[in-house]
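Colleague: Chain residues, written in single-letter form:
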Amino acid sequence: MTARGPRATPAAAAAIVAALGLAACSPATTEDTSADAEVPTGEGVVTVLAAASLTEPLTALAERYEADNPGVTVRISFGSSTTLAQQIAEGAPVDVYASAGESALDLLPEDVAADAGRATVARNTVEIATPPDDPGGVSSLADLADPDLDVVLCADTVPCGKAADEVLTAAGVTPNVVSREVDVKATLTKVTLGEADAAMVYHSDVVSAGDDVRGVEIPDADNVTLVYPMLWFSQDPDVVGFADLVRGTDGTSALVEAGFLAP
Amino acid sequence: MTTATPGASPEHGAPVRRPRPGLSRPGLSRAVLLVPAGLGVALVVLPLVGLLLRTDWPRILENLSAPLVWPAIRLSLLTTLATVAVCCVLGTPLAWLLARADGRAASWLRAVLTVPVVLPPVVGGVALLMAYGRRGVVGAPVLELLGLRLPFTPTAVVLAQVFVSLPFFVLAVEGAMRGVDARYDAVAATLGASPLRVFTRVALPLAGPGIASGAALAWARALGEFGATITFAGNFEGRTQTAPLAVYVALQNDPQAAIALSIAMLAVSLLVLGLLRGRWLR
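Chains as they are written, first to last, in UniProt numbering: chain A, 1 to 263; chain B, 1 to 282.
Just so you know, not all the hints are guaranteed correct.
Ranges of calculated distance between the beta carbons of each label pair, as one might list FRET restraints [stated by the list, open to error]:
1. S253/A x A85/B: 34 to 42 Å
2. E217/A x I60/B: 27 to 35 Å
3. E257/A x V138/B: 49 to 57 Å
4. D212/A x V41/B: 16 to 24 Å
5. D56/B x D134/A: 45 to 53 Å
6. D133/A x T200/B: 46 to 54 Å
7. E257/A x A106/B: 32 to 40 Å
8. E217/A x G40/B: 51 to 59 Å
9. T169/A x P58/B: 31 to 39 Å
Hints were generated in silico from the structure; no laboratory data involved.
All C-beta atoms in this analysis are idealised placements derived from N, C-alpha and C, irrespective of residue type, glycine included.
Construct all of the structure, not just a fragment, from the sequences and the given hints.
Modeller: As structure tokens, then:
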């Protein structure tokens, strides 16, 4: 009897900590420090929070800016625009924020958004992505109504999910949705891994995935166009410099090359 | 919130730390231990306090009625109960065999079973996709022969939870079963009991409390599962969106619903811990 209890205790403690930690983790990070959100993040460091769909072009532009300005580091965190806006509202350090669509901007504290520099850097459209071998035989938006297809969309809380819902509702198509992923890259991954027959992502994601997916374009009449606003919260020369690069002609051509539409 | 961190430890430590006359040196050395200990407590307690303080208590029931809350809690309860059942049925015999095995193979097996305990859950999710996905080593033949797709189903949620919780169960129960005196097995065997009968009549009753606490640990781990689930099973309301996933998604557009659901999970976890502490965990 006596040997039993102590044996189980270390594992017990570990499991308990894990369980409680997970139950509490997300909301526990919330703190009312929105007033600090406009504080620049530091000398020689530009902190960028950007929509997941901007991953490839912004990474390339950051590398270019670092190469042109030795000693400057551009740190980028990609995620769903909604999550990132929430993090800014909760006081996450940020110099530049680029969002897919304008809906996530509503989550930013008004005073922070009002004082920020702002420009539209790109536009994007919705596109269907399938695995390269197209197991579900998808060649149009209407094909998504096939109940045997496994279709993955972004969560309805994030811009790509809202855009997909808008397109599907307007076309009157109700697909068999098996999962709603937390951001556009997670959605695309389900297709590149071959777990889903189709996903609705942005045209730029299909372009950046290259041969890993097959794109099925949605005609303009049925499609929606998202604008990508970029906000910068500091007048630090490197923050302004990086913002100028992204919204300048070099930035636009990098974005267009990555499958975005020019602003 | 963060400024409260240093304040919390003296508050906890004050009654113990005051040096008694003639005992200043032990009192000082105790203080040296108490400061880091108190900070450690603060690091664990403050986030929980933060959660409680940010909860909109008067409207918690209203927030708990957000549409995604009940399907998530229901799915979490059903899948975690299934997970615990799988752990008990498969894990108990495994723990018993491990408890009575001493060879190199047993050590290796024990090491392999520990991997999911230390593996990041999202890596577990990728591994599960590689195994049970539509192109996976098990998933592809299953799809071919039976027409069954595992990802994006409640079964996938259970598979992910079993992957992360079975090791906790087996390690805890094995510990309890090692505490069962091997002479009881020997006596039972000399009286003609088969190995199966020794397991059911000797090991199970004697290790009962250990099995119960192992089941509770496995359940707690399964209830908190996030990374492997969202990677392997996806996120769909009522089908694969468990309570932790619902908390994550709700935080994006309905933070108070996310907080209310977190409070509900915290309450359930505390309830189970309280029951266990009274009976089995010391």
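Colleague: Compare the structure with each hint and give your call.
Modeller: Hint check:
no., hint, in the structure
1, S253/A x A85/B: 34 to 42 Å, "58 Å, violated"
2, E217/A x I60/B: 27 to 35 Å, "47 Å, violated"
3, E257/A x V138/B: 49 to 57 Å, "41 Å, violated"
4, D212/A x V41/B: 16 to 24 Å, "48 Å, violated"
5, D56/B x D134/A: 45 to 53 Å, "48 Å, holds"
6, D133/A x T200/B: 46 to 54 Å, "51 Å, holds"
7, E257/A x A106/B: 32 to 40 Å, "57 Å, violated"
8, E217/A x G40/B: 51 to 59 Å, "56 Å, holds"
9, T169/A x P58/B: 31 to 39 Å, "36 Å, holds"
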